[in-house]
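These are the residues of each chain, in order.
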Amino acid sequence: MNNSLINRAFKLARGENRPALLTYTVAGDNTKKKSLEILKSISKYADICELGFPHNTPIADGGQIQTSAYRAIKNGIKINDVFSIVNKFKKIKKDKPIILMGYYNMIYQYNENKFIAKCKKSKVDGLIVVDLPYPENKVFASKCKRSKINFIQLISPTTSKSRLKKIINTSHDMIYYISMLSTTGGKLKVSAKKILTEYQKIKNQNKSKNVVIGFGITEKTIKSLKKADGLVVGSAICREITSSLKKRQNTVTNVTNIVRKLKNKIK
Amino acid sequence: MKIKKNIPLIDQHDKLGFWGGRFGGSFIPETLKKPIEDLTKEFQKLRKNKTFIKKRDFYFKNYIGSPTPLIKLESLSNHLGGAQIWAKVVSEANGGAHKIYNATVHALICKSMGKKYIVGDTGAGYAGKMLSMAAKKFGLKCKIFMGAKDMKRQKPNCDAMRKNGAEIVPVYSGSQTLVDAVSECMRYWVSNCDNTHMCVGSTVGPNIFVKICGWSTSQISRELKIQLKKKFKKIPKKIKLINCVGGGSSAYGFWSEFIDYDKKQVELIGVEAGGPKRSKLHAAPLSRNAKIGILHGAASYVCQNKEGQIHETESISAGLDYPGVSPIHCFLKDTKRAKYTYATDEEALNAYKLVTKYEKLNPSLEPSHAFAEAIKIAPKLSRDTICIVNSCGDAKKDRDILKQRLGKF
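These protein sequence lines map, in sequence, to chains A and B. Going by this note's numbering, the first sequence opens with residue 1, and the numbers climb by one from there. Going by this note's numbering, the second sequence opens with residue 268, and the numbers climb by one from there.
For reference, chain A alone in the conformation it holds in the complex (with noise of 0.2 Å):
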């Protein structure tokens, strides 16, 4: 998948001497009208937008994107309008990236073999599904490649060194690397020089997969990690929804606002 959109997005960052910038939001939050008006609005910014398909018993994700997650089921969020979100964006934008992310469960009800067509169908460029681990995931990975969709495999603190190789030699284009132990949206409890040594492990093994670190990536913190090939800030966006909701503020232009400012700290 060399020339995919998600391998290009990464070649023009480092043209620039500067990390991807990679964005998730939840699909329908709050509404699904706004959510695709995020989305194109902080594109401008992010080179890569991950998008998440709510799910209400999510097992890895903090209070920020459950909250997120909550508010856009309420509002009546389907698998099916998430796809049509998709659709509309890469109508406007469509040499922009968009990697959907969500649990297995919703993947297992649609049926994975009418999830991956559907993904292809709307030019959906990459997946992640948090709780498919390896070796769970090498049926639908193996499936996404040939419908040329990135599957993308998470490593932790925690993996192992022969793990580690595995998932990269089985990864397509983009590993996802998580900064620490926690939930997303934590606070980052390790320095960004230990979590840079972890991902300098992971980059030795193979220079060619482009390594994102995500998990507790801020204002304050995204600085430090500009090494990295790209930068995944969620819960961040998701608490500037909330509270821009709150304050009955305009959601879009203030988390565009967040967005542009991550940008500007690791041009």
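Quick caveat, the hints were computed from the structure, so don't treat them as lab data. Don't take each hint at face value.
BS3-like mimics (lysine-lysine), calculated; alpha carbons at most 27 Å apart, straight line [claimed, not checked]: (1) A:Lys189 with B:Lys301; (2) A:Lys189 with B:Lys383; (3) A:Lys166 with B:Lys620; (4) B:Lys547 with A:Lys74; (5) A:Lys189 with B:Lys606; (6) B:Lys382 with A:Lys161; (7) B:Lys620 with B:Lys603; (8) B:Lys317 with A:Lys78.
We have chain A already, so just place chain B on it with the hints.
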């Protein structure tokens, strides 16, 4: 799909941890892979270790109080006519419920792994209470995750947990019941798995937790087998083992030694929570034909909508109020070895009334569901049929609910 003989059911899974090729597994975030692998290795090692088994048996006998009694409910049987009703009074175990077996084993494993902190989930509060007891006994720091709704309705158990020095973490997300407590506990473990051991309170969750819990509770059926042979000289020709099923830990423990028997001789009946009579909500994924889904790291029948969002459940019994069920019970259902039905809140309350009227027994709302089924079927059965109900919990914790619903306790 077929059950093999002479192999414990907990070990009849494939390489990826699936029973019958489709139930169970380990659907977990990458961060938990290593701690779960470590736990799996440790458990495999310990269960073969004679010193560990001796230690387990020592605590089962001297701390938990094994064996718990098997008694005939004469007056109730006479009143109903038909089959003889017996009860395995597991609620006589230290702490008042079967949850003590799993809690004790987890505390021993935690010790052996050199971890100082232990966390667990609880619905009815028994899993939490027992874990707090075991933690205290073995000098571990303990945190219990519990839905805010359950904390209100099972206050006596919360008091007990605090008394044992455990911290209760109230969970306010979702329906504020067991399902949310388990999610929150898993999230906590994701963040603290380097120094903390997690105990899943039932035969649910990632494969290894199903195994450890089933291995622990199977003590109940080992005792029962000996007791039956003593009382009847051999295993009687017609037995029905009736057990409530929420996650399914007590039912598996009650049945495990009898799975190899022909079902004409030993019938296994699981009773789920049917919820209030007039409500559409329930907690009965097996008997009310829920679809297979993934919840808390395992594939099982799950109450959920078409999209895969987990349904809210409703039951008077906090311990059964869970949208999923053990993969082992899904396997027993699909192989037709066990039969599953449900009792409504009202039926459970009526059963409680009847049992306490005729017998010196005080079953909690969970086993009252099982008694409801026994009461329903016994009159239609022959005198030589032995219905044994696992009275797996004591009603002390249900004081407030019983007062409110029946006007007395």
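Verification of the hints:
Taking the CA atoms of A:Lys189 and B:Lys301, the gap is near 20 Å; set against the 27 Å cutoff, the hint holds. For a cut-off of 27 Å, the pair hint linking A:Lys189 to B:Lys383 stands: about 21 Å separates their Cα positions. For the proposed pair A:Lys166 and B:Lys620, the alpha carbon gap of about 59 Å is over 27 Å, so the pair is violated. For the given pair, B:Lys547 sits about 20 Å from A:Lys74 by alpha-carbon distance, which is consistent with the 27 Å threshold.
As the CA atoms of A:Lys189 and B:Lys606 are separated by approximately 50 Å, the hinted pair breaks the 27 Å bound. With a C-alpha separation of about 23 Å, the suggested pairing of B:Lys382 with A:Lys161 holds against the 27 Å cut-off. Restraint check for B:Lys620 and B:Lys603: not satisfied, since their Cα atoms lie roughly 32 Å apart, outside the 27 Å limit. At most 27 Å may separate the alpha-carbon atoms for a hinted pair to count; B:Lys317 and A:Lys78 exceed this at roughly 53 Å.
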